[in-house]
Amino acid sequence: MQLRTDRALAPLFAALAIGVAASLAHDARAVGDPVKVGFIGSFASDTGRSTLRGAEIAIEELNAAGGVLGGRMIELVSADTREDVTEGIKAYEYLNESENVDFIVSGSIDDVSLGWFPRMAEYRTPTLDTWTSYIGLIDMVGEEYEKYKMYFMNIACDYALGTLYVDFGKDVLGKQMGWKSTVILQEDTAFGGGVQEFIAEIMEAEAGIKVLDTIVYDTQTVDFAPIYNKAVALEPDFMYLISSVNSQVPSSQYVKLQVPVAMTGINVAALGLDFWNDTGGAGGGISTLSPIPAVGMELDDSSKVFAEKYRAKYGDERPVFPHFNGFNAYHGVKNAFAAAERAGGFAPLDDWVREMENTDVKLYKDGEFWHRYAYFKPGEIEPRTGREFVHNIKFDLTPPYDDGAPSMVVIQWYTDGTAKVVYPPKYASGEFSIPPWLQ
Amino acid sequence: MPLARPLLGWLAFAVVMCLVPVFVSTGTVRILVFANFLAIFAMSWDVISGRTGYISFGHPFLIGIAGYTTAMLTYHLDTPLWLSIPAGVFATLVGGTLFLLPALRIRGTYFALVTLAFMELMYQLTQVIAPKVTGGTRGLSGIPTIVSGAIPNYYLTFGLVFAIGLGLWFVLRTRIGAALAALRMDEGAVAASGLSTIRLKLFAFMTSAAVAGIGGAFYVHYLGSIAPRGLFDINFLFTILVAALLGGSSTVAGPILGAYFLTFLLEYLRPYLPGPERYVIYGMIALVVYVLEPRGLHAILRTGARRLAPLLARRRIAP
Chain G
0 MQLRTDRALA PLFAALAIGV AASLAHDARA VGDPVKVGFI GSFASDTGRS TLRGAEIAIE
60 ELNAAGGVLG GRMIELVSAD TREDVTEGIK AYEYLNESEN VDFIVSGSID DVSLGWFPRM
120 AEYRTPTLDT WTSYIGLIDM VGEEYEKYKM YFMNIACDYA LGTLYVDFGK DVLGKQMGWK
180 STVILQEDTA FGGGVQEFIA EIMEAEAGIK VLDTIVYDTQ TVDFAPIYNK AVALEPDFMY
240 LISSVNSQVP SSQYVKLQVP VAMTGINVAA LGLDFWNDTG GAGGGISTLS PIPAVGMELD
300 DSSKVFAEKY RAKYGDERPV FPHFNGFNAY HGVKNAFAAA ERAGGFAPLD DWVREMENTD
360 VKLYKDGEFW HRYAYFKPGE IEPRTGREFV HNIKFDLTPP YDDGAPSMVV IQWYTDGTAK
420 VVYPPKYASG EFSIPPWLQ
Chain A
0 MPLARPLLGW LAFAVVMCLV PVFVSTGTVR ILVFANFLAI FAMSWDVISG RTGYISFGHP
60 FLIGIAGYTT AMLTYHLDTP LWLSIPAGVF ATLVGGTLFL LPALRIRGTY FALVTLAFME
120 LMYQLTQVIA PKVTGGTRGL SGIPTIVSGA IPNYYLTFGL VFAIGLGLWF VLRTRIGAAL
180 AALRMDEGAV AASGLSTIRL KLFAFMTSAA VAGIGGAFYV HYLGSIAPRG LFDINFLFTI
240 LVAALLGGSS TVAGPILGAY FLTFLLEYLR PYLPGPERYV IYGMIALVVY VLEPRGLHAI
300 LRTGARRLAP LLARRRIAP
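First to last, the protein sequences are chains G and A. Quick note, the first sequence lines up with residues 0 to 438 if you use numbering that gives the first Met the number 0. Quick note, the second sequence lines up with residues 0 to 318 if you use numbering that gives the first Met the number 0.
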C-alpha cells in the first residue's frame, strides 16, 4: 500500500522529465539573421487567408528586391487563432516568446484582437491589424497612447464604416428607394453585437429609418425560413443583415426562398469572389457594405499589380481573389517596413511609431487620386465626426473623398454573377438594385 | 509514517517545478502558465465528475462566474484585486449551489444536460443583461493583471496548482474521498449506510466550485481580457474534460498530468503544423491513449514504472 502511494507522483516526474527534455530541444533552435514577421489570424477563414497571402506577397517582393534593413531577408512565421480568443492569446505569446518576431500583421476578428491586445502592450511589439475594425481598440490607443502606441489599424474602424453607411442609408435607401423601416438580422457574435448597437442607434436618428426589431440568430443556423418569416411578418421596407460567419447560408436561402422583402447590410461572404460559387449561383440581388479595396471595385495601379500576382500565385485556391484585408496586409507590411527603414528598424519603438505616423502613401488610378495609406496622429481631429481616431487608417467621410479614401463602399451582386460598387458615387460602377422577384 | 514518502514526492515535485524556468525559455514558461490553469480547471472538474460520477458539462459556467465578477469589479469600480478575487470565488460558490440543486433529483445524462444548459444560459446572460457592464459580445479588455511577465505568472500559477493539488490530495485521501468514490459506484448503498448523500454532494460541489472560482478569477487577471465566446465555449469545456480524462480521472495527479500533456502537445506541434492539422493529431493521440488505457496517462505511467522497478532492482543486485 505504501509502495502504491509512493509511486502516485512518479508519473508526474516522468512527464516533467519528458517535458523539460522536449523544451530544451525546442529552445535550442538557432536564432537566425532574418527579420521575423508574425502573422496572427485564422487559417480556416477566407479573410484570415487573405491577410496571410497579402503579407506573403509583400515579403516576397521585399526579399526579391534585396531584403530590408541593410539586406536582411524577411521570414514569415504564422500562428493560427482558429477565431478563438484564448487561442489568439496563445498565438500572440508564441510569436513573441518562441519566435521573437519583430513585427506582427494580424487578420484577427474583433474579440480575438481584444484578447491579445493586453499582450501586445506587454511585449511592445509593433502590430498592424487588417481585419478588426472595432473602434474600442482605437479609443484605447487614444486614451492610453504610451501603452498602446505600437498598434495600427489598417482598415477604417466600425464607427467610420457606419457613418458613411448612414449616408448610403439617407441617399439610397431613404431618398432613392423611399424606405422608412427595417428589421435587423444579427448573427450572435461580437462583431454582430457591436454593429447592431451602432446601426440601431443611428439609423433612425441620422437616416430616418426606423428599426422595428432585431432578430439574433446563431451562426450555425442552417434553416433561415423561420427567421425570414418572422422578419417579413413585421412588414419592414427592407431587412438589414449583419453576418460575418457562414454568410453564404442566409444569402443563398434568401434568394432560393424569394423572400418578399429587400435585404442589404453587412455580408462578409459577399466580400469575396468565391461568394457566387458558395451560393450555387444564387447570390444575385445581395448587396453589402465593404471596407476598401472591395471586390468589384476598380483598383489603383499598385493594387491592380498585387491582385494579378495574387491570382497568378494562388490560382483557384480559395479565396480566389483577395478580400479587402489582403490588400491592406500587402500595403501595410510594405509601409511598416518603409517606416522601419526610415527609423533604422522596428526598435526603438518610438522611432518606428513616429515614422509609421508619418506614413503617407497615395495611390492613383489612371492618374486620379484613389486610395491613401496614412494614419491619424494623436490629437488629430477628424472633421466630420469631431473625434480622434489615433492610429486608424486615414479615411475621408465627405465627398469628394480627397483627404483619404472613403471608409467603405457598398457592393451589389447581380444575377449574372458580377459584383459592382454602387456607393459612394465617385467609386460607383453599377446601380443599387433589388432582387428580380421584387422588381 | 504513511504520509512521509508521498509528501516528499510533493515536495520534490515543487522543487523540480520551481527550477524549470532556469532551464527553459520564456516561451515554454508561457505554455506552462496555460498548462497550470488547465490543471486547476481539470482538478476542479474531477472533484465533481471524476469522484462522484456526476458528469458536469457546465464547468465553464463556474469558471466564468468568478472571472466575470472580478473582471467587472476591477474594470468598472477599480476594486482592488485582494477584494475582487475573493468576491469572484464567493460568487462561484453561490453558482455551485445552483449546480447542486438538479443533482438532488437527477443524475447521469440528465444532470450533464442541465449543467450544459447552465453554461449556455450564462453565455446568453452576459450578452443580454447589462452589456455595458459585461462588455456584451466583445467582453472586456484591459483588465488589470496581478503580475506581469512569464516567470512571475508561472510561479503564481504553479503555486496555485501546488496548493490546490496538495489540498485536494489531503482531503480526498480521507474517508470523505472514499465516501465520494462510493457515491459514484452506488449512491443508494451510501445512503443505506447512514451517510448523508446530500452533504457529501454539497461538499464535492462546493470544493469543485471553489477551485473553479479560484482558477477562473486568476485566469482572467492573467489574460487581461474576458469574452463570452472565449469562456462559455464548448471547445473550452472539451479541453477541460479531455485533460482530466486523458490524464486519469479520480486522481489528483492525473488531471495535472493530462493538462501538461495536452497543452505541450498542442504547443509543440505549432511550429510544424501551424494550422488546424495539429488538432487532428491531438485527437488521434487522445483516442489511442484512451482506447489503450481508459484510466489515462497516469495509469500508463504507473504501470510502466511498476514493470521497470523489478528490472532496475535486478540490475542493481547483479554483480
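Simulated from the structure, these hints should not be mistaken for lab results. Some hints here could point you the wrong way.
Derived DMTMM-like pairs: lysine to aspartate or glutamate, alpha-carbon spacing no greater than 20 Å straight-line [claimed, not checked]:
| hint | chain 1 | residue 1 | chain 2 | residue 2 |
| --- | --- | --- | --- | --- |
| 1 | A | K131 | G | E59 |
| 2 | G | K364 | G | D315 |
| 3 | G | K425 | G | D401 |
| 4 | G | K303 | G | D315 |
| 5 | G | K179 | G | E234 |
| 6 | A | K131 | G | E200 |
| 7 | G | K174 | G | D236 |
| 8 | A | K131 | G | E196 |
| 9 | G | K229 | G | D187 |
| 10 | G | K179 | G | E200 |
| 11 | A | K131 | G | E142 |
| 12 | G | K303 | G | D138 |
| 13 | G | K146 | G | D315 |
| 14 | G | K209 | G | E196 |
| 15 | G | K303 | G | D365 |
| 16 | A | K131 | G | D349 |
| 17 | G | K146 | A | D77 |
Per the computed footprint, the stretches of chain A lying under chain G, defined by three or more beta-carbons under 8 Å from a beta-carbon of chain G, are [said to hold, decoys possible]:
| hint | region |
| --- | --- |
| 18 | 66-73 |
| 19 | 76-88 |
| 20 | 95-104 |
| 21 | 222-233 |
Listed below are several chain A residues computed to face chain G (Cβ distance under 7 Å; list not exhaustive) [claimed, not checked]:
| hint | residue |
| --- | --- |
| 22 | T25 |
| 23 | R29 |
| 24 | S147 |
| 25 | P151 |
| 26 | R294 |
Yeah, the Cβ is synthetic: ideal placement off N, Cα and C, and Gly gets one too.
Cross-check of the supplied hints:
no. : hint               : result
1   : A/K131 with G/E59  : 44 Å, violated
2   : G/K364 with G/D315 : 27 Å, violated
3   : G/K425 with G/D401 : 11 Å, holds
4   : G/K303 with G/D315 : 18 Å, holds
5   : G/K179 with G/E234 : 11 Å, holds
6   : A/K131 with G/E200 : 15 Å, holds
7   : G/K174 with G/D236 : 13 Å, holds
8   : A/K131 with G/E196 : 11 Å, holds
9   : G/K229 with G/D187 : 17 Å, holds
10  : G/K179 with G/E200 : 15 Å, holds
11  : A/K131 with G/E142 : 19 Å, holds
12  : G/K303 with G/D138 : 33 Å, violated
13  : G/K146 with G/D315 : 42 Å, violated
14  : G/K209 with G/E196 : 14 Å, holds
15  : G/K303 with G/D365 : 11 Å, holds
16  : A/K131 with G/D349 : 34 Å, violated
17  : G/K146 with A/D77  : 19 Å, holds
18  : 66-73              : violated (count 0)
19  : 76-88              : violated (count 0)
20  : 95-104             : violated (count 0)
21  : 222-233            : holds (count 7)
22  : T25                : 5 Å, holds
23  : R29                : 5 Å, holds
24  : S147               : 6 Å, holds
25  : P151               : 12 Å, violated
26  : R294               : 11 Å, violated
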